[in-house]
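Protein chains: 2
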Amino acid sequence: MVNLSDIRAANQRIQKYVHRTPLLSSSSLNADTGARLAFKCENFQRTGAFKARGAFNAVFSLVDQQATRGVVTSSSGNQAAALALAGRTRGIPVYVAMPKIALQSKVAAVRRYGGEITWVEGTEKVPTAEEYDAAVAAIQAKTQANAVHPYNDPRTIAGQGTCALEFAEEQPRLEMVLAPVGGGGLLAGTCVAAKELNPKIKVIGCEPEMANDAQRSLRSGRILTQSQPQTIADGLRTSLGYLTFPIIQHYCDDVVTVSEKAIVSAMRLAWEILKIIIEPSSAVALAAVLEAKVEVSGRCVGIILSGGNVDVDHLPWIPEHRG
Amino acid sequence: MVNLSDIRAANQRIQKYVHRTPLLSSSSLNADTGARLAFKCENFQRTGAFKARGAFNAVFSLVDQQATRGVVTSSSGNQAAALALAGRTRGIPVYVAMPKIALQSKVAAVRRYGGEITWVEGTEKVPTAEEYDAAVAAIQAKTQANAVHPYNDPRTIAGQGTCALEFAEEQPRLEMVLAPVGGGGLLAGTCVAAKELNPKIKVIGCEPEMANDAQRSLRSGRILTQSQPQTIADGLRTSLGYLTFPIIQHYCDDVVTVSEKAIVSAMRLAWEILKIIIEPSSAVALAAVLEAKVEVSGRCVGIILSGGNVDVDHLPWIPEHRG
Chain A
20 MVNLSDIRAA NQRIQKYVHR TPLLSSSSLN ADTGARLAFK CENFQRTGAF KARGAFNAVF
80 SLVDQQATRG VVTSSSGNQA AALALAGRTR GIPVYVAMPK IALQSKVAAV RRYGGEITWV
140 EGTEKVPTAE EYDAAVAAIQ AKTQANAVHP YNDPRTIAGQ GTCALEFAEE QPRLEMVLAP
200 VGGGGLLAGT CVAAKELNPK IKVIGCEPEM ANDAQRSLRS GRILTQSQPQ TIADGLRTSL
260 GYLTFPIIQH YCDDVVTVSE KAIVSAMRLA WEILKIIIEP SSAVALAAVL EAKVEVSGRC
320 VGIILSGGNV DVDHLPWIPE HRG
Chain B
20 MVNLSDIRAA NQRIQKYVHR TPLLSSSSLN ADTGARLAFK CENFQRTGAF KARGAFNAVF
80 SLVDQQATRG VVTSSSGNQA AALALAGRTR GIPVYVAMPK IALQSKVAAV RRYGGEITWV
140 EGTEKVPTAE EYDAAVAAIQ AKTQANAVHP YNDPRTIAGQ GTCALEFAEE QPRLEMVLAP
200 VGGGGLLAGT CVAAKELNPK IKVIGCEPEM ANDAQRSLRS GRILTQSQPQ TIADGLRTSL
260 GYLTFPIIQH YCDDVVTVSE KAIVSAMRLA WEILKIIIEP SSAVALAAVL EAKVEVSGRC
320 VGIILSGGNV DVDHLPWIPE HRG
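One line per chain: the protein sequences are A and B, in this order. Under my numbering, the first residue of the first sequence carries the number 20, and numbering increases by one thereafter. Under my numbering, the first residue of the second sequence carries the number 20, and numbering increases by one thereafter.
Check before you lean on any hint, since a few could be wrong.
As the list makes no split between identical chains, a pair holds if one copy fits it or if it spans any two.
Here are the simulated lysine to any residue pairs, SDA-like style, with alpha carbons at most 25 Å apart [claimed, not checked]: (1) Lys280 - Glu339; (2) Lys221 - Gly53; (3) Lys280 - Gln123; (4) Lys35 - Ser47; (5) Lys35 - Gly317; (6) Lys280 - Gln249; (7) Lys280 - Pro338; (8) Lys35 - Gly53.
Since the hints were made in silico from the structure, they are not lab data.
Build out the structure end to end from the sequences listed, making use of the hints.
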């Protein structure tokens, strides 16, 4: 349904619009872990997250006649901003269904890129997949816009796979890739790219213990959802989709879970040691290394840092009321 | 006293120990300023600041017989950590005179690299150059260690100049370089490298209004010092030295000053837009662009981001007591 040639085609399609993100490494983190860790910095990607890859691929896959009707998606943030930028770049309308709980900085990014926001009705909490889908359907009924699903869409998955394609080219000795998993678009794309390039590369999904639907789904052999996970990793609260699950089931070596405490520690470590801003969802793969959920010693391990959109007024290690 | 060939020699000497730091750019910052801004990321340098360049150059300039006695410097932080790492790399003792007001994170870095700290006596405030020199002299009397001045030392200046040497190679169209100025080691090295490579490159020093000794010194034609500047840019509280002043006087096109507010805004902007951690001292050159102290429109402008060592528990835009 998505294969390496789709990812190569996506790479051709989007490369003039998205950044080839840099790899970073740290001799002190290597010394601490005994591994050679390479960090793929999607926090430096356009709109501050890997989502730009899938969004540009979806928008520029449309034929002109379709494209003029615009695109619509649902998102708590990074997908919305990415689709808004991709749509603006193509000069077409972008509609986004967002929850009221979305971070202000993420809402502001969508508006900056000219996206039209519709609030998901009747909920002040994390909307369910059904609530999101209903909101998108309502917008489509009015606008005839093309739906671009944030993860359950072959164009999205192929776009996200370009990250691992670059990673494997830049780091030919890669033995393992760790990627965060929420809805599974990034992990599914990573699986296809890495495994079809070199089946020996291990691919491990990393998710919060508090939103461990991917691990439970893989172990039970069917999609298990979760309701209202409160993890700080706000990008990973969604469950796997019917397109991402079978790809992950087929290719992914394991899914490991990490504690909330480890997510915050990993985020802080990246800030202090790598000197880069990453968001909590971005920190789960490094958290898995810190909590020794993955055996990395002696290996060349790629860690995808998925995004860097943080509200710098509110940091998880600074109490809101001091003194 | 320091020329381009010294900087080229320094570059040869240190290149296996220090990072060739990446350049970053931002399409949104370019759109906002009408310039092509290139950021040289010394926050990604070893020990988190450009100081590693001068420290490695000084330590590896010593002949073996000298080197065994170790090295000594004075610093509120970044120079201390840089010399400690360079000394450890060469396997020689490192002694550092630090003020009690140094950030805990900077003290911890010196200890991590095995540096031996002596607190500058009799002061809980920013020590004067004389107090620092006296502390270094006392350590030398006991240890016979080689003094490596944080800025007033040709080896240090030549090492810091390697940053602009790389910058000009990586960005051949560079029309202007903006560098922070405290004691003037980085600015002096930048002047020599840029001007001796291409006299058409404008070099502008940037400093806090609250620590504007370099601007006053250049305008009056002699070194004017300042006492106890309280600027948030803790790395820029020192005054120019007798070696850095004449180089800057000879080569530097201008020194501009920025407000404390602009420093904090620029720091925050780098965090939010570039997704990188920079410290306040590092933000003054971007602050000069934000406050329109330098005309950058239509130009290819290099901005040296000098370091990224920040105490992430205490951020200038988050009040210590909320609610």
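At most 25 Å between alpha carbons: which applies to Lys35 and Gly317, within, between, both or neither?
between (36 Å within a copy, 23 Å between copies)
Under a CA distance limit of 25 Å, which applies to Lys35 and Gly53: within one copy, between copies, both, or neither?
between (37 Å within a copy, 21 Å between copies)
Please work out whether the CA atoms of Lys221 and Gly53 approach to 25 Å or closer within one copy, between two copies, in both situations, or in neither?
The answer is within: 18 Å in one copy meets 25 Å, while 45 Å across copies does not.
Identical-chain pair category, Lys280 with Gln123, by Cα at 25 Å
both (24 Å within a copy, 23 Å between copies)
When no copy is specified for Lys280 and Gln249, does a C-alpha distance of 25 Å or less occur within a copy, between copies, both, or neither?
Answer is within: at 13 Å inside a copy they meet the 25 Å cutoff, but 36 Å across does not.
Pop the pair Lys280 and Glu339 into one bin, within, between, both or neither, using alpha-carbon distances up to 25 Å.
both (17 Å within a copy, 23 Å between copies)
Since the copies are identical, ignore which copy is meant and state whether Lys280 and Pro338 lie within 25 Å (CA to CA) inside a copy, between copies, both or neither.
Both, since 14 Å and 24 Å are each at most 25 Å.
Homo-oligomer pair classification [Ser47, Lys35; C-alpha up to 25 Å]
between (35 Å within a copy, 16 Å between copies)
Of the numbered hints given earlier, the model fails none.
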